[in-house]
Each structure stands twice: as C-alpha cells, then as structure tokens.
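Asks: Assembling the complex is the task here: the two chains are given apart, and the hints tell you how they should meet.
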Amino acid sequence: MKVLNKLLFRYKIASTVLMLIISGFSAWAQVDFKGGNITGNFKLDAQTYREDSTIGAEKVAEKMLSNSYMNLIYTNGNFTAGVRFEGYFNTMLGYDNNYDGFGIANRYATYAGEMFEVTVGNFYDQFGNGLIFRTYEDKDLGYDNSMDGARIKFRPLPGIILKGVIGNQRLYWEKGEGIVRGVDGEFALNDLFSSLAASDNRITLSGSFVNKYQADENPIYILPENVGAGAGMLNFSRGNFSLATEYAYKSQDPSADNNLIYKSGSAFLINSDYSVNGLGIMLQYKWVDNMSFRSERDAQLNNLMINYLPAITKNHAYALTAMYPYATQVDGEAGIQGEVFYKFKKETVLGGTYGTNITLNYARIQDIKRNPIDSSTPIGQTGTDGYTTSFLSMSDSLLNQDINFEITKKISEKYKVVFVYQHLDFNQLALQGHGKEYNGMVNSNTFVADVYWRIKPKHTLRIESEALFTKAVDFTTQQNEVVKIKQDFGNWVMLMLEYSVSPHWFFAVSDQFNYVSTNKKTAENTFEYLHRQYPFNRNHFFSMAMGYSKGASRIQVSYGKQREGILCVGGVCRPVPAAYGFNISVSSTF
Amino acid sequence: MMKKLFATLLFVMAFYFGFSQLGTQTIPSVDLKTTDGKTINSSTFSNNGKPMVINFWATWCKPCVLELSNMDELYDTWVKETGVKVIAISIDDTRSMSRVAPFVSGKGWKYEIYVDPNSDFKRAMNVPNVPHTFLIDGKGNVVWQHTSYADGDEVELYELIKKVAKGESLK
Numbered sequence: 153m154k155v156l157n158k159l160l161f162r163y164k165i166a167s168t169v170l171m172l173i174i175s176g177f178s179a180w181a182q183v184d185f186k187g188g189n190i191t192g193n194f195k196l197d198a199q200t201y202r203e204d205s206t207i208g209a210e211k212v213a214e215k216m217l218s219n220s221y222m223n224l225i226y227t228n229g230n231f232t233a234g235v236r237f238e239g240y241f242n243t244m245l246g247y248d249n250n251y252d253g254f255g256i257a258n259r260y261a262t263y264a265g266e267m268f269e270v271t272v273g274n275f276y277d278q279f280g281n282g283l284i285f286r287t288y289e290d291k292d293l294g295y296d297n298s299m300d301g302a303r304i305k306f307r308p309l310p311g312i313i314l315k316g317v318i319g320n321q322r323l324y325w326e327k328g329e330g331i332v333r334g335v336d337g338e339f340a341l342n343d344l345f346s347s348l349a350a351s352d353n354r355i356t357l358s359g360s361f362v363n364k365y366q367a368d369e370n371p372i373y374i375l376p377e378n379v380g381a382g383a384g385m386l387n388f389s390r391g392n393f394s395l396a397t398e399y400a401y402k403s404q405d406p407s408a409d410n411n412l413i414y415k416s417g418s419a420f421l422i423n424s425d426y427s428v429n430g431l432g433i434m435l436q437y438k439w440v441d442n443m444s445f446r447s448e449r450d451a452q453l454n455n456l457m458i459n460y461l462p463a464i465t466k467n468h469a470y471a472l473t474a475m476y477p478y479a480t481q482v483d484g485e486a487g488i489q490g491e492v493f494y495k496f497k498k499e500t501v502l503g504g505t506y507g508t509n510i511t512l513n514y515a516r517i518q519d520i521k522r523n524p525i526d527s528s529t530p531i532g533q534t535g536t537d538g539y540t541t542s543f544l545s546m547s548d549s550l551l552n553q554d555i556n557f558e559i560t561k562k563i564s565e566k567y568k569v570v571f572v573y574q575h576l577d578f579n580q581l582a583l584q585g586h587g588k589e590y591n592g593m594v595n596s597n598t599f600v601a602d603v604y605w606r607i608k609p610k611h612t613l614r615i616e617s618e619a620l621f622t623k624a625v626d627f628t629t630q631q632n633e634v635v636k637i638k639q640d641f642g643n644w645v646m647l648m649l650e651y652s653v654s655p656h657w658f659f660a661v662s663d664q665f666n667y668v669s670t671n672k673k674t675a676e677n678t679f680e681y682l683h684r685q686y687p688f689n690r691n692h693f694f695s696m697a698m699g700y701s702k703g704a705s706r707i708q709v710s711y712g713k714q715r716e717g718i719l720c721v722g723g724v725c726r727p728v729p730a731a732y733g734f735n736i737s738v739s740s741t742f
Numbered sequence: 013m014m015k016k017l018f019a020t021l022l023f024v025m026a027f028y029f030g031f032s033q034l035g036t037q038t039i040p041s042v043d044l045k046t047t048d049g050k051t052i053n054s055s056t057f058s059n060n061g062k063p064m065v066i067n068f069w070a071t072w073c074k075p076c077v078l079e080l081s082n083m084d085e086l087y088d089t090w091v092k093e094t095g096v097k098v099i100a101i102s103i104d105d106t107r108s109m110s111r112v113a114p115f116v117s118g119k120g121w122k123y124e125i126y127v128d129p130n131s132d133f134k135r136a137m138n139v140p141n142v143p144h145t146f147l148i149d150g151k152g153n154v155v156w157q158h159t160s161y162a163d164g165d166e167v168e169l170y171e172l173i174k175k176v177a178k179g180e181s182l183k
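In order, the protein sequence lines correspond to chains X and F.
Numbering follows the working numbering, in which position 460 of the first sequence is assigned residue number 612; successive positions increment by one, without gaps.
Numbering follows the working numbering, in which position 159 of the second sequence is assigned residue number 171; successive positions increment by one, without gaps.
Next up, chain F with everything else stripped away, as it sits in the complex (with noise of 0.2 Å):
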C-alpha cells in the first residue's frame, strides 16, 4: 500500500515539476467585486515592483481565518519590512458575501479584500480548496503557491516574501 501511495506522490510532483518548467504563471484577468459591490479586474492587482501575496479564504472556513488572523499579528512589521501586500479573495457567495465587509472589520483585518462569489478567479488560479496561498514577485509572476494552512505557516512565508522582496529566486 505504501509503495502505491509513494508512486502516486511521485506521479503528483512529476506533474509539478514538468508543468511548472511550461512558462510563468501571471495573475489571470478575472472580474471580481470589492466588498461595496464595484467591479474590478484581477489584471490590475499591482504592488509597484513589491512582493505580492494572494490568499483564497472565506467566512465559514476555520483555517483561512486562522491563517489570516495570524498573520494579520505580523503583517504591520512585514510591510515595514519589504513592502509587501496581501491580497484576501473570499470565494463566499451570495449567501455569505455581504458578511465579508463586517467579518473584516470585526476580525480589525487591514488587508485588501476583493469577492469571487462564483469562484471565477479561484477556477482560474486552478485552486482545489482554500485556504490557498499564492506569491507573486515584483514583475507578477507566481513564484510560490502553498495550500492549507497549519499554525506557524506565515513564518515559512515570510522567509519566502523576503526572499523575493530581495529580488532573489526561489527556485
């Protein structure tokens, strides 16, 4: 059984790994709304030349809010430190969407957040399940993406957001 479990994780990364080498990924252009119902395009997500981070959460899913909570403790001394942004895209939808605005609020959250209530930009940015975290570099290539989230992830992140403030690979 284990031989067959490790077969199917080399399966997984040699599909990583294979596409991966296939181009960069940029930031598709998907309609989104901000949480007072204006539309606004994912192609104009721009953080002049800093690091960008993409977080896919929502209201109702534990870890996300944990996560974002988090690193919402950090994130004062992380855009001190290397300018970056975080992005929160909530896939809520109808149901849940009007929550966004006061969630955030509550939770005192200072980062910007956008609405994909029918998980266009989540489908785009071929996302399975949140959270789902996406890095972006200065130029707005995706240059990391990390999925779930386990307590003391931020810190593996910012490791990370340093890194390509710095301009350096990741690879």
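Extracted from the complex, chain X is given alone in its bound form (with noise of 0.2 Å):
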C-alpha cells in the first residue's frame, strides 16, 4: 500500500500545482474566476500478483501493481481548459508497462466562439465513421492515440461544419515520429437550402482527406514519406430509416503491418437501420482491404493508429458468449452483420403482462480474395504491389460467423429472466494465429440464463449462469494414433451471483469452471496436445467482489482468479493475462 500512498500524494501535489497555475492564470488574464468551474473525475485500480501456476498466473516483484488517473478541466464562459494525469507504478499486467511513472499525459485549451472553435493541446476527433481518422482513448484497453497539436472547427453557416486538424500522436509518454494532418466537411443539405428544410429526406454529405508524414530512413526501399487517405459519406434518413455510407482509399503505405507492400488501400461500409415503435431492424455490410493507417510505419499492437475501422460484430455483455471476440482484420474482411429487435406487447399470448423482448442477431466475416500480380510473385511479397483484389470481392476463407439469440421477459413485480443462445463459428488460426491441431476452427454453443429476483424493494439477487461447449475433434497423434481432444480450451461453466441493494451496496460471487470434457481422456489429451503449458487441471475461477456507491464515487474490492483472454471494448481489444489476487478500484466524479 505503500505505493498508493505515493501515490495519492503525487496527485495531492499535481493538483495544488494545477491550483495555483489556473489561479496565477485568471489573475493574470483578468479572468473573473468566480465565473468559472473546475470539474474532474479521478480513477485508481490496483492489483496484488500471486502465482498459479496452474492458470498460468505470475507473480511480480512489485507485489502490487496500479493505473490510475486524473482529468481536471476548468471552464469559464467560451474558454476550456483541461489536463490529465496518469501514474502508473508500475504498469498492471495486461498494459504496456512503457506507461510506468507518472506525469501529465493531457493537455489542452480550447475557445469555443460561435463561428470558430480552436484546440490546441490534446484533442480527440473524428472524421465520418472513422475510417481514416479518429482519435479516442479507452483506459480499460490502455488505449489512447491521441493528437497533440491543433485543431480549428469552423461553422460559416448552419449545416455546414468545417474540421482542420494537425499534430503528432501519443505514443505512451512519447509523440509518435509522424505528422497527421487533415480536414473534413460535413454538410447538411437540408440545413443548407431552405428549398429542402421541409423535406421528408434529409442528406447530409461530407468528405475528408487526412495525410501523414514521415521521414523515409529505410536503407533498402523507397518509402512514400507522405501518405494521403480521402473519404466521402453519404447520409440518408427519411421518417424511420436511415442510411450511412462511407467509402475511403488511402494511397501506398508499406508498413510492418502489410509487410512493406505498395499496394493502396480501401474500405466500403453500410449503416442501415429501421425502426417503429416495438421493432427495429439494423443491417451493416463492411468491406476492408489494406486499411491499417498508422502515423509510424513500424507501430505495433494498438498504437499510432490514425483510423478506426470497426467490428461489425455484436459486442457480447455476458463473459462466455465475449470469450471469442471478433477483432476487425486491417489487412481485409468482407462482412455482414442484421439484427432484429422486437417486442411483443403487453397483454398478448408471448407478451404476457409486462411484454416480452427478443433479438436475433446474425454475423458473417470472409477473408477477401487476393490474386497474385503476377505468376512469378507469391502473394504479398514486401517491396511489391503485394496482390491484386477487385473492389468487395470475397473469397471461401471464413474467418468469423455469430449467431445469436436473446430474450428478455419480465415476468412478475419480482423476476425478469433473460435467455440467450450463441453458436459461433471462429477462426482462431486466422485470428489468433493458433488452434491448428483442430484445423484453425472453434465452433462453440452458449447457453445464459440471468434471473432477476426483486426480493424487496431495492433489494435484488441476480443468477447469472453460463455454459460453453467446443466440439470435440478427431487428432492424430505423432504415433498415428487417433484421439478426441476438444477445440480450443473446450467447455465452461459458470455461475455468478450479484446482490444489489440500492442505492449504495453490490456483493458478488462468481465461478469460472473450465471442465474442458466431460470426458476425462478427452480432457487429458486436450492438454497434452494443446497445451502443453499447463499440467492437466480442470480450473476453477473463482471471484468476490463488493462495491460502495455514493454519488459519483464508487469503490470496489475483490479477489480471485482471472483467466487469460481478450478484453475487447468497440472493437479494440487487448490479451489479459491470467491474474490471481486482490483488486481495488476507486473512481469519483467530482
């Protein structure tokens, strides 16, 4: 604990540091101060390491390991002005521990006037869906990319919004080597001619174009040192249907990423939905080939990343059905995704008294198909053109199918229970770069039912229980000999229950059983020839947990075991570690 003691005195410092700047400020620039605000929130998590070997936890020398952070952000009339500190000591597992120390991560100011809007300082921004560019931070990935530079809105009439944007990215507590620079208009037409307000359809159009440069140091080929990414977005939207669509091109960008090929890239996506009161209906279609755009060619895992190029799969809320998430492929995907969302009303056979919700969803994601540039180059050979593909062409190779089915059903004053069914097909060879014993494939089958039990006013009990089954395949062994081993890690089992009571206290006990087979062979020869890492062992993940709520602040304890996986939030994900210990996390908005 010593260390959050250090801590909290760190920022206990910063922030009469940032006090006194603000005040010297306003005193200076004849400010009235009492006219301003200061607003903020504040988060710490913390974590102890102890060793299991059998799911694979390490311990650390630290002992203990925390993130934390604080936003200040002062206001005054049209002026705004923010900073944000981070400390890291050291890095929890899981996080780029190039984030160990402490310093001021965030900085800006902003003057926002009725025409003009200027930034200068950090600043995350978004151009269409951001295809070609979007800057944001999530801390629960360790993700923040950041523009450290300017940016000017300007608004010269109503329905049109002109963007310009320049700087260097944050690369942990450093600026990544490459200058980004960009603009983007959004224009609204029926804002824009008055021959068009009244209009049932509404269009908005808007067009950007986004450029990076960096120095060519290569010894061996000749990198193009600026790279230019155009796109154009069309937005339709006419009583309860809309539409948005966007296509970009980036020009050749040899990177670590696309192994140094000169190949341009290009993306097509579809937003559609429709919806009228107690249905809606989505569907989205995405085709991605060679997008990734990063301000540095050599930028690795989640960093520098200039674009944001989303999964079009559902992002599951119940732990086994996110145990495979889908992550988008830069280097190509062709997808589709439809969802239905439909209530059956009150007072009808299936709606029962409260209604009854349900939702089907339905996923498909195809590698695209690449044709050799000539019959003498295999495909993607650096230094080349890479491959040819024509534009939303497909090819067999399926990487990724989701489909899923959930309902919500409320049945008295005391219980709501929820069902939902997953099967998933997933390529983990393609995705995950293993699982080549069973073929690359993981087909699994989910099954979760969460129980809502009001046992009084503000006091609820939830049971949330899961399973998760692999198939069971056939592996030949180096003796030629044939077993069952189960895909991937095999079956799961969990169960978790979560005491409410309103409006301060959350209690929760959870278990995670990675039974692998009911089958003891089956289970056995699943470790020896999968993974070989661990001794055969059916383990148990077991958790606590207890929060306080008040307010805006927020604590919460637990302790337990975490297995390895992937977290993924909107599309970004990062590997987590197995972990075994005891967690706080604090967080107060203030």
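If you're looking for bench data, these hints aren't it; they were derived computationally from the structure.
Treat each hint with caution, since some may be false.
[Claimed, not checked] With a straight-line cut-off of 27 Å between C-alpha atoms, the simulated DSSO-like cross-links for lysine-lysine are:
1) K713(X) / K92(F)
2) K291(X) / K92(F)
3) K610(X) / K50(F)
4) K562(X) / K134(F)
[Stated by the list, open to error] If we take Cβ atoms under 7 Å as the criterion, some of the chain X residues that face chain F in the derived model are:
5) N467
6) F627
7) A704
C-beta atoms are modelled at their ideal positions from N, C-alpha and C, and glycine is treated no differently.
Replies: Here it is as structure tokens:
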C-alpha cells in the first residue's frame, strides 16, 4: 500500500500545482475566476499478484501494480482548459509497461466562439465513421492515440461544419514520429437549402482528407514519406429509415502491418436501420482491403493508429459469449451483420403482462480474395504491390460467424429473466494464430440464463448461469493414434450470484469452471496435445467482489482468479493475462 | 488494509467536496448525433425550466439497459408529476451506433436519444464508465450525479427529481 500512498501524495501535489497555475492564469488574464468552475474525475485501479501455475498466473516483483488517472477541466464562458495526470506504479499486467511512471499525459485549451472553435494541445476527434481518422482513448484498454497539436472547427453557415487538424499522436509518454494533418467538411443539405428544409428526406454529405508524413530512412526500399487518405460519406434518412455509407481510399503505405507492400488500400461501409415502435432492424456491410493506417510504419499493437475500422459483430455482454471476440482484420475482410429487435406487446400471448423483448443477431465475416500480381511473385511479397483484388471481393475463407438470440422477459414485479443462445464459428488460426490441431476453427455453443429476483424493494439477487461447449474433434498424434480432443480449452460453465442493495451496496461471488470435457480422457488429451504449458487440471476461476457507491463516487474490491483472455471494448482488443489476487478500484467524478 | 482503504475513500471525498465548491457545473457544449445522423449541440438541451436527467449508456452495457428499462416503466408518471425529461446519451461508436435506434424502438423507450460516437460528451462530463446519471435543475445546473446502477436506484433518483422540480436545494 506504500505505492498507493505515494501515488495519492503525488496527486495532491500535482493538483495543488494546477490550482496555483489556474489561479495565476486567471489573475493574469483578468478572467473572473468566480465565473468559472472546475470539474474532473479520478480513477485508481490496483492489483496484487499471486502465483498460480495451473492457470498461468504470475507474481510480480512489485507485489502490487496500479494504474490511475485524474482529469481536471476548467471552464469559464467560452474558454475551457483541461489536464490529465496519469500514474502507473508500475503498469498493471496486460497493459504495456512503457506506461510506467507518472506525468501529465494530456493537456489542452479550447476557445469556442459562435463560428470558430480552436483547440491547442491534446484532442480527440473523428471524421465520418472514422475510416480514415479517429483519435480516442479508453483507459480499460490502455488505448490513447490522442493528437497533440491544433484543431480548428468552423461553422460558416448553419448546416456546414468544417474541421482542420494537425499534430503528432501520443505514444505512451512520447509522441509518434509522423505528422498527421486532416480536413473534414460536413454539409447537411436540409439545413443549407431552404427549399429542402421541409423535406422528409434528410441528406448529409461529408468528405475528408488526411495526410501523414514520416521521413524515409529505410536502407533498402524507397518508401513514400507522404501517405494520403480520402473518404466520402453520404447520410440519408427518411422517417424511420436511415442509411449511412462511407467509402475510403488510402494511397500506397508500406508498413509493418502489410509486410511492406506498395498496394493502395480501401474500405467501404454501410450502416442502415429501420425502426417503428416495438420493432427495429439493423443491417451493416463492410469491406476492408489493406487499410492499416498508423503515423509510424513500424508501430505495433494498438499504437499510433490514425483510423478506426469498426468490427461489425455484436459486442457481447456476457462473459462466455465474449470468450472469442472478433476484431477487425485491417489487412482485409468482407462482412455483413443483421439484427432484429422486437417487442411482443403487453397483454398478448407471447407478451404476457409486461411484454417480451427478443433480439436476433447474425454476423458473417470472410476474407477478401487476393490474386497474385504475376505468376512469379507470391501474394504479399515485400517490396512489390503485394496482390490485386477487386472492389467488394470475397474469398471462401470464413473468419467469423456468429448467430445469437436473446429473450428478455419480466415475469412479475419480482422476477425478470434473460436467456441467450449463441452459436459461433471462429477462425482461431487466422484471427489469433493458433489452433492448427483442430483445423483452426472453434465451433462453440453458448447458453446463458440470467435471473433477476427482486427480493424486496431495492434488494435484488441476480443469478447468472452460463455454459460454453466447443466441439470434440479427431486428432492424429505423432504415433499415428487418432484421439478425441476438444477445440481450444473445451467446455466452460459459470455461475455468478450478485446481490445489490440500492443505492449503495453490491456483493458478488462467481466461479468460471473450465472442465474441458466430461470425458476425462478427452480432457486429458486436450491438455496434452494443445496446452503443454499447463499440467492438466480442471480449473476453477473463483472470485468475489463488493462495491460501494455514493453519488458519483465508487469503490470496489475483489479477490480471485481471472482467466487469460482478450478484453475488447468497441472492437479494439487487448490480451488480458491470467491473474490471481486482490483488486481495488476507486473512481469519482466531481 | 481497511485503514488505507478508508484513507483512500476520504481522499476521494475530500476532492469531491473540495471541488464541488468551485462554481456550479453546467452542460458543456459538445456536438452529438441524432440517431438519423444529424449533428446537434449539447448546449441546446433544455426542458423549459423543468428538471432534466442526462443518462450515459450503451447498447452493450447490461446495467445501463436495466436502468433505462426500469425507468421506462415509471417515466409516464414522472413526466406527469414533475415534467422531467430524460435524455439518454449512447456512447456506442461506429461499430454499434446503427443499433441504437432499432434497439430503442425494440424496447419501446420514449426518451430523447443522442449518440456520442467518439465519447466527446462523455469526456467533457467527466464520466469514467457507463452507466452514469446527471440531474440538471431548471436553470441548467448539474445538481446531482450518480455512477453505476443497482436495481431500485431509480427510486432515489425520483425523490431528487421531485425536490428539484419544486425548486428545493439538494445540499
């Protein structure tokens, strides 16, 4: 806990310094400080690590690791200034330890007038759907690609928003080498032309252009120092129907991601939805070819990404349905997703007293079709154009298929239930690089039953039970013996009991049990032939947690084991290592 | 260990009370999207002098959906008795923002819905995680906020809405 104290002490000093700076500024600039205000938030996560070789959990030399941040925003009329302190003593496992240390990770000042808005310092922004430009941050992912530079927003007329951005991107405590600059224009035709003001058809057009510059110091290849990307977007809506479509193109950009090929890239996205009371339908289509776009050619992981290519699969909320999360393949993919939401009305056969909600979701993503550039050059050969492909092409190679169904039903004032079924075909070999022993595919079936029992007003017990089954397949050993193995880690069951007392308390216990297979021989084979790093053990991942909230402050403590896996938020993922220990999380907004 | 935890909590509370004295918080000016793609600025939020609730949620967030569903059952009564307006801000990004309109229709919710696809409004309001709820008085000041959701929290919220509607102070 010494580390925690040290951290809190540093925060106290840092915030005092900031207060002094702000009061100094307000005295100097003759700003009436009384008119302004400071808001902010604070979060601290700390975890102790114990060793458990059966699940692959490791202890750390520091005994405890912690990540924390504090945002302060000062607002006075049209003027806003903000600063974020971040502290990593040392960085928790699963985040890059380049974050180790403490400092000001983000600071900016904005002046927002009627027509102009100017920001200097760090900022986050998105052009269109983000296909060529999006900077954002997510603390849970350790993701922050903020721009550090300047941004101007200009609204010359109602219905027109023009933006210009320039800067470098954040890379841990440093900045990326590349300079990123971009312009974006959004034109809402119905607001621009009075003749369209009353029209039922709403049309918004936007266009953007982004350029990155990075010097070429490669001894072998002549690499383009300037890479340009452009995108056009059309938004159409009429009544309950809306359609958003965007096409993006990127000039040749040899990088570590595409194995230094000189091919240009492109992406196409359609988002559409229709809704009337009680019914909603969503359809998405996406096609991506060679669209990795970073401000340094050699950047890896989630670093220095300039654009965002959303994964068009459902972002699952239950632990086992999210066991195999899909992340966009920036090198190439073609996919669709459809979803239907329906509410059976109250007082009908299927609706009952309170109505019944159902959701059906389907997504399928395949690889694009790549053709060799000539008969002597293999596909993807470094230093060449790599391959050719036609717009919207698709190969037979399945990357991910997810069909899932959810029913939510309130039975009475006391009981509410949610049932989920999911069938998933997940190309683990293509997406995560392992699983060739079972031809790379994981075929899983997952069931969830989530029961809410309102024991008395403000006291609710939630019982969440889940089960995931992967397929058993034949495996030929080196001795030419054919044995049964389960795909990946085989079967899981999970039970969680969560008791909440509004408005302050919550308590939870849960266990995820990786029993692999009821057949002991199959379970043993699975571990022997797939997971040699662990001794065979049907592992339990037990954990308990309690939390206290008051207003905008919350403290949560938990103890237990966490399985190794992948945490995804909004289609960006990071691997989470197995962990065993005590965790505390404190957050507050003020 | 408990002593340290207590110290941490105290520290956070000290910040909370320390900073909350520094002027009243109003709604920052941030561009949001309507579910049909129109840009709208948060500074235009108004309810003619009646209280407003701003709730941050996402289609993939279970407690958020539970909270909005539970509030939906009471919403007609709330509106009738206090004139309150609930504005639900979805932080679904490009991946799932086209789910928002059909999702809301499928649930039959009657809230005013906006999308914050790059979390700009979420950052401006200092929201660490969803769900997070703000109560705004008739003058546009943030008078109360709450993070996370436990079944039944809407009861406490409504007590506060009633006070604010009557012009009473929550301090």
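Asks: For each hint, tell me whether it holds in the structure or not.
Replies: Cross-check of the supplied hints:
| no. | hint | verdict |
| --- | --- | --- |
| 1 | K713(X) / K92(F) | violated, 48 Å |
| 2 | K291(X) / K92(F) | violated, 40 Å |
| 3 | K610(X) / K50(F) | violated, 39 Å |
| 4 | K562(X) / K134(F) | violated, 31 Å |
| 5 | N467 | holds, 4 Å |
| 6 | F627 | violated, 36 Å |
| 7 | A704 | holds, 4 Å |
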